[in-house]
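Asks: Since chain G is already given, all that's left is putting chain W on it; use the hints.
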Amino acid sequence: MSRRRISLRQELPLLVWLVIVWGALWQDFSPGNLLFGALLSVAVARLFYLPPVELSGRFNILYAVPFALTFLAKVVMASMQLLYLAVSRGPRVKNAVVAVTLRSHQDLLVTATGHVISLIPGSLVVEVDRSTSTLYLHALNISSPQDVENLKNEVLSIEAGLIRIMGTREELEILRTEATA
Amino acid sequence: MSPDSTGLDAWVDVLSAVFMIVGATMSLGAAIGLLRFPDLLSRMHAATKPQVLGLFLLLASIGLQMRTWWVWPVLLVAWIFQLLTVPVSAHMVGRAGYRTKHLHRELLTSDELEAVVQKAAAKAAREDGSGDG
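Chains as they are written, first to last, in this note's numbering: chain G, 1 to 181; chain W, 182 to 314.
Think of the hints as simulated: they come from the structure by calculation, not from any bench. Accuracy of the hints is not assured; some may be wrong.
[What the hints assert, rightly or not] Now the in silico label distances, taken between C-beta atoms and shown as ranges:
#: 1; chain 1: W; residue 1: S270; chain 2: G; residue 2: L108; range: 29 to 39 angstroms
#: 2; chain 1: G; residue 1: D28; chain 2: W; residue 2: L265; range: 22 to 32 angstroms
#: 3; chain 1: W; residue 1: A259; chain 2: G; residue 2: L35; range: 36 to 46 angstroms
#: 4; chain 1: G; residue 1: S30; chain 2: W; residue 2: A296; range: 14 to 24 angstroms
#: 5; chain 1: W; residue 1: V297; chain 2: G; residue 2: S30; range: 50 to 60 angstroms
#: 6; chain 1: G; residue 1: R58; chain 2: W; residue 2: R307; range: 19 to 29 angstroms
#: 7; chain 1: G; residue 1: T70; chain 2: W; residue 2: A198; range: 43 to 53 angstroms
#: 8; chain 1: W; residue 1: S208; chain 2: G; residue 2: T111; range: 23 to 33 angstroms
#: 9; chain 1: W; residue 1: S208; chain 2: G; residue 2: E149; range: 15 to 25 angstroms
#: 10; chain 1: W; residue 1: L189; chain 2: G; residue 2: P51; range: 42 to 52 angstroms
#: 11; chain 1: G; residue 1: P51; chain 2: W; residue 2: L215; range: 29 to 39 angstroms
Even for Gly, the Cβ is constructed at its ideal location relative to N, Cα and C.
Just chain G, with the same shape it has in the complex:
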C-alpha cells in the first residue's frame, strides 16, 4: 500500500520532538549527541511510518502561553475539586453524560480538545463521533440542566482557545462570525 508522502516541513515538529526526547533520555544536549539523535529520528520516522498528522501550518505562541498557564491552573482546581468531592460527597455524587458538538473537523484539534477536557474539572471523554466531531463526555457532579450548559460552554471555549493557537484560517473565521453574532 502506497501512502501519500508528507513534506519535511510537515514532519519537522515530529523530528524535533524525537530529538528532544533522545537528548532528555541521555541527559546530554551536546551537538554530537543531538546530531546522532537527529539521524536516528529520521530513520525511525522513515521505518515506522505513521499516518501523517495534518497540521494547519500556523501556531500562535501568544495564545499558547496563557492557554498553558490557565490549563495548569485548571488542573490544580480539578484536583482540589476531586479531592473535595471524594471526601465530602463520595458515593452520593451525581453525574451526567453530555454530548458536545465541536466546530472543528480536524482530527488533531478534536484530539487535543478531548485531552484538555479530560484533564480539567470533572469531565471524561466516553465516546467520540468522528463524522460529526461530537464528543460524549461523562461529567462529575452535574445535578441540573444549568450545570450541563456550563459544561458545554466550557468545552466550546477550550476548543476556541485551541483554534486560536493552531486552528486553520477557516475555523478562525467561524470563531469571528460567532463573536460578532
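Replies: Below, chain W alone, put in the same frame as chain G:
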C-alpha cells in the same frame, strides 16, 4: 545539606517540601476517590486527575533538589507522556465501561449518549434481520 547553606537553599528546600506534601496528598485523594466513588466512570475521574498534578509536583521537587539543569528535560518529558497517555487510557476504560453497562444509571442526571447508542443498536438489529431474511 551543607552547614553553610544560604537563605536561597533553605527556600528551595521549603518549596520542594511543600510540593512533595501536596503531591502526596493528591495521590491520596486519588486513592480515596477510587474507594468512595460509586461506579466505574466516576472512579476513572479519580484515577486520572489528581495524580497528574501529584506527579507534576513530585517531579518539580525532584528537579529543585537535584540542582542541575539537565534533569529538567527528562522530568518534563515524563510529565508530557503522562499528560498524553492518561486521557487515552481513561477514555478506553470509560468507553468499554459504558458499552458493557458498568455504570449506575440512577446516578446520571442526564444521558445524551443513550439515545444515540439505542438508535445505532436498532439500526444494526434491523440490518441483521434483513440480512438473515
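Asks: Are R58 of chain G and R307 of chain W spaced within 19 to 29 angstroms by their CB atoms?
Replies: violated, 45 angstroms
Asks: With 29 to 39 angstroms as the target window, see if P51 of chain G and L215 of chain W comply at their CB atoms.
Replies: holds, 36 angstroms
Asks: Could you say whether the range 15 to 25 angstroms given as a hint is met by the Cβ separation of S208 of chain W and E149 of chain G?
Replies: violated, 33 angstroms
Asks: With respect to the beta-carbon atoms only, verify the hint that V297 of chain W and S30 of chain G lie 50 to 60 angstroms apart.
Replies: holds, 54 angstroms
Asks: Are A259 of chain W and L35 of chain G spaced within 36 to 46 angstroms by their CB atoms?
Replies: violated, 24 angstroms
Asks: Taking the beta carbons of S30 of chain G and A296 of chain W, is their distance inside 14 to 24 angstroms?
Replies: Hint violated: Cβ distance 59 angstroms, outside 14 to 24 angstroms.
Asks: Between the beta carbons of S208 of chain W and T111 of chain G, is the distance compatible with 23 to 33 angstroms?
Replies: The hint (23 to 33 angstroms, Cβ to Cβ) holds, given that S208 of chain W and T111 of chain G are roughly 27 angstroms apart.
Asks: Quick check on a hinted range of 42 to 52 angstroms for L189 of chain W and P51 of chain G, using CB atoms only.
Replies: holds, 49 angstroms
Asks: Using the beta carbons of S270 of chain W and L108 of chain G, state whether their distance is inside 29 to 39 angstroms or not.
Replies: violated, 20 angstroms
Asks: Using the Cβ atoms, figure out if T70 of chain G sits within 43 to 53 angstroms of A198 of chain W.
Replies: Hint violated: Cβ distance 27 angstroms, outside 43 to 53 angstroms.
Asks: Using the Cβ atoms, figure out if D28 of chain G sits within 22 to 32 angstroms of L265 of chain W.
Replies: 24 angstroms Cβ-Cβ, so the 22 to 32 angstroms window holds.
Violated hints, in rising order: 1, 3, 4, 6, 7, 9; the structure is consistent with all others.
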